[in-house]
Amino acid sequence: MTRSFTSASTLDDAMTAIAAGARPVAGGTDLVVGARQGKKPLPGAIVAIDRIEALRGLEERDGGLRLGALVTHEAIVADETVRARFTALADSSAIVGSHATRANGTIGGNVMNASPAMDTGGALLCIGATVTLRSEAGEREVPLGDLWTGPGATTAAPGELLVAIDLPAPPAGTGSAYVRLEYRRQMEIAVVGATAVVTVGDGPGDDSGAGPVTDARIAITALAPTIHRVAEAEQALMGTDGGDDAVGAAARAAAAGAAPIGDVRASADYRTAMAEVVTRRAIAAALTRARGGEVPIPASDALYGA
Amino acid sequence: MKVDATLHVNGTDFPVEIDPHMSLLKAVRDEIGLTGSKEGCDDSECGACMMLLDGKPVNSCSYLAMQAVGKQVTTVEGLAGDQELAPLQAEFLRHGGVQCGFCTPGMLISATALLRAQPDPSEQEIRIALAGNLCRCTGYGGIVQAVLGAARIRTEPGSGT
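Protein chains in written order, with this note's numbering: chain A, 69 to 374; chain B, 114 to 274.
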């Protein structure tokens, strides 16, 4: 149980406390809830980092976007750049928890909690996010794909704090979407989720805009110990016209890449079966957006009806 | 070991002596004595404990009281004026949005947050925003009507009762 609580006003203060063994808390929506659920007791020493201004920014950088660790889901959903160019991330943050969770929960905490069911994970992975980890010794950059090692486990060392997440600029003609299967509209954890980030080339000169798929990134959520991309699914879509056959083949390949658990929320068989359906919907929504069509944010609401 | 802190709740400073791991809900209920906010699941699922923190909703059962130091906390007791209910509260009464009443404080806070962010929500937007607040009496119809009514009063002054 927690014996000491400090609130850091600067990053240096926070790093000193973390080096001495304190665990950081920002919105508390995982750390404190986890303790309530009996998953893991609260750490003995906590340092609150939610007042550190330097971790708060959401800014364009080299055509991409830098998210400070403290950027909330609410701020992500409200950001016009995210909605227009990193739409799958907006889809994801829009359905995390409830509006209370989104007002307090931060992207840094979300990533470091390393849940295989986290909504934002697939979008960040497919967009090609890099995280910056800081310790008293300095900073290092880690591609997100090298961060998660299992449920709740990362390659970050004790004493390291995630301070920022960088998203590279997507090429022209890119559209993206995140779709999850859910039983409840808010305060829900993805039963199964899928993210698609696709880039389409120029059309055949007839203004149809139906050019070939020149890049495809597909990740599956709540279907393995970590959220991961499925290369076979991406290859099944790449170079195709993005028609029903290609989308179907990619969705089946994504389901074949799943290794889900069965639990009280869904059996492993059901998760695998739904992986194909949810991936198909995510790809279809991403293609529609890539071709300039309208799919409301969040895509999950749009696809399941309200 | 308990620590001294000051919580700013409904416009008043309350000095408290609390454990560092105490939740905001427990501090407000047990130390300050404002028992309007309820403990339902104690797990951030049901929304009965919802308060406003600097105007934004928070599930106070899962938020450390120490993190609220220096921030403005609003509980259901802070919604009404001295002599009269807030329009949203009056609409809950008018539309029968209260059955057993246990979820009501969280519903009122959640709906207050929604109406601040979106003064003229659709019925669907209300249902989605309140989906983080569970009513075990399942009296959602009256609750949704009450929020719609409160939005009408805000956006069309004079249209309310």
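Since the hints were derived computationally from the structure, they do not count as laboratory data. Owing to the predicted nature of the structure, the values given are computational and were not obtained by experimental measurement. Wrong hints could be hidden among the right ones.
As the list claims (entries may be wrong) - Quick look at which bits of chain A chain B covers, simulated, 3 or more residues with Cβ under 8 Å: (1) 169-182; (2) 250-258.
As the list claims (entries may be wrong) - Distance condition first, Cα-Cα at most 27 Å in a straight line; then the derived BS3-like pairs of lysine-lysine: (3) B:Lys151 - B:Lys184; (4) A:Lys107 - B:Lys115; (5) B:Lys139 - A:Lys108; (6) B:Lys169 - B:Lys139.
What the hints assert, rightly or not - Some chain A residues near chain B, calculated using beta-carbon distances under 7 Å: (7) Ser77; (8) Leu79; (9) Val100; (10) Ala116; (11) Ser166; (12) Tyr338.
For glycine and all other residues, C-beta sits at the position ideal for the given N, C-alpha and C.
Original post:
What hints, given by number in increasing order, does this structure fail?
Top reply: 7, 8, 12
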